[in-house]
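Let the hints inform the model, and build the full structure from the sequences given.
Each protein sequence line maps, in turn, to chains A and B. Just so you know, we're using the numbering used here here: the first sequence kicks off at 1 and counts up by one. Just so you know, we're using the numbering used here here: the second sequence kicks off at 1001 and counts up by one.
Don't read these hints as lab results, they were simulated from the structure. A portion of the hints provided could be inaccurate.
[What the hints assert, rightly or not] What the simulated footprint calls covered on chain B by chain A, stretch by stretch (three residues with Cβ under 8 angstroms from a Cβ of chain A suffice, anywhere in the stretch; the number is not a length):
(1) 1037-1051
(2) 1220-1229
[As the list claims (entries may be wrong)] The list that follows gives simulated cross-link-like pairs (lysine to aspartate or glutamate, EDC-like), each with its CA atoms no further than 20 angstroms apart:
(3) Lys-216(A) with Glu-1222(B)
(4) Lys-216(A) with Asp-1047(B)
(5) Lys-1071(B) with Glu-1222(B)
(6) Lys-1033(B) with Glu-1101(B)
(7) Lys-216(A) with Glu-1223(B)
(8) Lys-1263(B) with Glu-83(A)
(9) Lys-169(A) with Glu-116(A)
Each residue gets a CB set at the ideal place from its N, CA and C atoms; glycine is no exception.
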Amino acid sequence: MTAAAVDPATVKLAIETGGVAFRNPVLTASGTFGYGREFEGLTDLTALGGLVTKGISPAPRFGNATPRICETASGMLNSIGLENVGVAGFESEKLPYLRQCGTRVIVNFFGTTFDEYVACGAGLDKLDGVDALEMNVSCPNIKAGGIEFGTDPRVLAELVRACRPVVKKPLWIKLTPNTSDIVALARACADGGADGLSIINTITGMAIDARTRRPKIATIFGGLSGPAIKPIALRMVYQVHRAGVPLPISGIGGIQDATDAIEFFLAGATTVQVGTQSFVDPDASGHIVRDLQARLAADGISDVRELIGALRT
Amino acid sequence: MRYFQARISENRVLGGGYFVLRLANCSSLSAAKPGQFVMIRGAWGRDPLLPRAFSLMSVDPSNGTADVLAKTVGRGTALLERALPGAEVDVLGPLGTSFPEPQADTVDLLVAGGVGLPPLYMQGELAAARSLVSRSELLYGGRGAPDLVLLHEMEAMGLAMHLTTEDGTVGTQGLVTRVLEARLDKHRGARVRVMGCGPNAMLWAVARLARERDVPCFISLEEQMACGIGVCLGCAIPARSRPYRYVCSNGPVFDAADVLDVKPGVPPPPAGCPA
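What follows is the structure in structure tokens.
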């Protein structure tokens, strides 16, 4: 706070966490950055810490009926339906670009059954150019009546344990915030053998058009994202960090600028993921990296790691 | 496509909620074609959050300006309507597909509904610049007189106009599709194309008419979108060639045959469809 400013060029942003060495702790969140190439020319991918791809399932999916999105107060709701190109499509159409894009590549993946998760994880684990996998556990478990895999600690631990043997790459689990006990879910992931946590996925929400008396998105419920959810995300990151769950945390939820990122580091995150803000400003993650460096330099902080978990209570 | 900061140099309020923003510092848009669009966001803080999509109405490469026509329908457009000259806005564009270019041997029926005018205005400008404006006709419909804007400008282009209003205050009373029917009759036997932009209900009616007459038809669709570049996948529409196409990146201008009367979620038919 009162330390003398340091030369921005000497500020260390690099961090090794969750089994991956990043040049800086600013990543882009799954579902908001496509497969990377969409942002070519709009942001410098080589300036990013890393990117997390759109969620991949074993086979391609075509997504939900429309309307799929709507804006809400300081946020948006989406129900895209996990549309993606599938493992084979990812390997043939998307990975060649990602291999040479100059940043760390984390592939988000999911299934609708245990077997699908395992098959998807195994398929992606074989691919060169993928630095880590991030498991989306916010999907409905079809065999369990559509309850999200990631809301029951026992099911979650089993799921992580089932995938662990086939995933040699670092395995991160993206937790759902739709729970009353985020710490129990985080512990379940640690018990299952995960290497890292991404906290949080979108929060289930709803929007209604009072004039037409209809829901604003076709599936009625959707995932809320954007600055509206930041306080909840910060709280959950902090709870997991404070509880001493032995996994690094990638903080996600409404991050718009370097100050937001710093808040997540203070709460205990080792990296952050920029999500919805990439829709607002396609160079948002680039802005955050540049501003983070300048902010740290001005505050006399020579290494971003000094901030992690440094919340004063 | 570039992401850059532009400055509002003029905000011309036309009444009825319509306004034309002239944006300076838009040389990145100089090569934009009719039908293409931009995402625009002012310095709005955290709310409203997302940029808004606007079809371009005109670009002037000589001074790097771009015009968009908008109508206030929600919070974002309300903020833009009140924006003062000098205000800075973030712009992403030019984005999306465009209408086919004017051709000397083809009559283009340009069908505009209300605030769907801009891409057809720009198509008229393009035709005029190529001395082909006599091959284009604008069929322009709205609820009432305030919905028909920029008539003098289009007259000055030399664009033939057929105006309709639902309340009959200007032009023919009724829907623009009635006039389209008449113009298709008039040009029977000639090479004709229909290009439309406006409310989706109007566009589907236009596309059905064109299909009945076996006339090529291109429509510019509108959908909620967050990013404009094929990432959020919010602006999906059911299509024949794929289960879903995206208004931002596969459109906004579509061959109507690919998107007309497609039920959502129907898997794509086998070979023979446009990719």
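Count the residues of the segment 1037-1051 of chain B whose Cβ falls closer than 8 angstroms to any Cβ of chain A, and tell me whether that reaches three.
Contact hint for the segment 1037-1051 of chain B vs chain A: holds, 7 residues under 8 angstroms.
Decide if the proposed pair is consistent with the structure: Lys-1033(B) and Glu-1101(B), CA atoms, cutoff 20 angstroms inclusive.
9 angstroms, holds
Check the hint pairing Lys-216(A) with Glu-1223(B) against an upper bound of 20 angstroms on the C-alpha distance.
13 angstroms, holds
Do the alpha carbons of Lys-216(A) and Asp-1047(B) lie within 20 angstroms of each other, as the hint requires?
18 angstroms, holds
How does the coverage statement for the segment 1220-1229 of chain B fare against chain A, requiring three or more residues with Cβ below 8 angstroms from a Cβ of that chain?
Answer holds; 6 residues pass the 8 angstroms Cβ test.
Given the hint that Lys-1263(B) pairs with Glu-83(A), test it: the Cα-Cα distance must not exceed 20 angstroms.
18 angstroms, holds
Between the alpha carbons of Lys-1071(B) and Glu-1222(B), is the straight-line distance 20 angstroms or under?
14 angstroms, holds
When you check the alpha-carbon spacing of Lys-169(A) and Glu-116(A), does it fall within 20 angstroms?
18 angstroms, holds
Has the given pair, Lys-216(A) with Glu-1222(B), been kept, meaning a C-alpha gap of at most 20 angstroms?
16 angstroms, holds
The structure is consistent with each of the numbered hints, conforming to all of them.
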